[in-house]
Amino acid sequence: MGRWEPNPRGRLAKAAVELFAAQGFDQTTGAQIAARAGMHERSFFRLFPDKREVFFHAVETAQREAVVAIAEAPEGTSPIDAVAAALEQRCAIIQQHPDAALTRHDLLAAHVELRERDLSKHAELAAGMAEALRERGTPQPAATLAADTAMAVFRNAFDRWIADPRHQDLPTLFRDGLSELASILSGLGAGGTQHGSGR
Numbered sequence: 001m002g003r004w005e006p007n008p009r010g011r012l013a014k015a016a017v018e019l020f021a022a023q024g025f026d027q028t029t030g031a032q033i034a035a036r037a038g039m040h041e042r043s044f045f046r047l048f049p050d051k052r053e054v055f056f057h058a059v060e061t062a063q064r065e066a067v068v069a070i071a072e073a074p075e076g077t078s079p080i081d082a083v084a085a086a087l088e089q090r091c092a093i094i095q096q097h098p099d100a101a102l103t104r105h106d107l108l109a110a111h112v113e114l115r116e117r118d119l120s121k122h123a124e125l126a127a128g129m130a131e132a133l134r135e136r137g138t139p140q141p142a143a144t145l146a147a148d149t150a151m152a153v154f155r156n157a158f159d160r161w162i163a164d165p166r167h168q169d170l171p172t173l174f175r176d177g178l179s180e181l182a183s184i185l186s187g188l189g190a191g192g193t194q195h196g197s198g199r
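Just so it is clear: in the sequence shown, position 4 is 4 by full-length UniProt numbering, and no numbers are missing.
Just so you know, the hints here were simulated from the structure itself, not pulled from any lab data.
Be aware that a few hints might be false.
As the list claims (entries may be wrong) - Taking lysine-lysine and the BS3-like style, the derived pairs with C-alpha atoms no more than 27 Å apart in a straight line are:
id: 1; residue 1: LYS14; residue 2: LYS121
id: 2; residue 1: LYS51; residue 2: LYS121
id: 3; residue 1: LYS14; residue 2: LYS51
Keep in mind the model is a prediction, meaning the values are calculated, not measured.
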């Protein structure tokens, strides 16, 4: 148990999800999570302040990976395309683990405090992506609008996917959402000249 193994945070997160699914969030302790991951309890609390934070390890990982993906997007990539590509990568990862996604979704539905923190974590994800866009030279408010808009499409796609995750493809739903958004925005100014014409 004392021997170091790679990716200790990831191992703890995996163990936590398994225990949350098996015995419930409230009944699971940090010590149990550490034991299942083959680690000491003190190692758990050195890496995570509490079991709620280990629950959100995946969102924190998503933010780090998204920031890197945006930074490495080819020169000339539009802000929305850079963010969309980063989130599509995340969709592909989630697609590979439907059972974990279902467990997480059920836990969020059952615990108000987790839902509140989930909203906060995803807001941090959007803010991190917006900052990555600004570092590429995207001005405000375009950077924030691109990040927030892509996140909205992602959340919509996820909500549709989680209803039947084993028979739907999350990356496809995300791309479909982006196409639908583009279609909506293409008609944004179609009725613009009508405003005020009824005077």
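How the hints compare with the structure:
| no. | hint | verdict |
| --- | --- | --- |
| 1 | LYS14 - LYS121 | holds, 18 Å |
| 2 | LYS51 - LYS121 | holds, 15 Å |
| 3 | LYS14 - LYS51 | holds, 12 Å |
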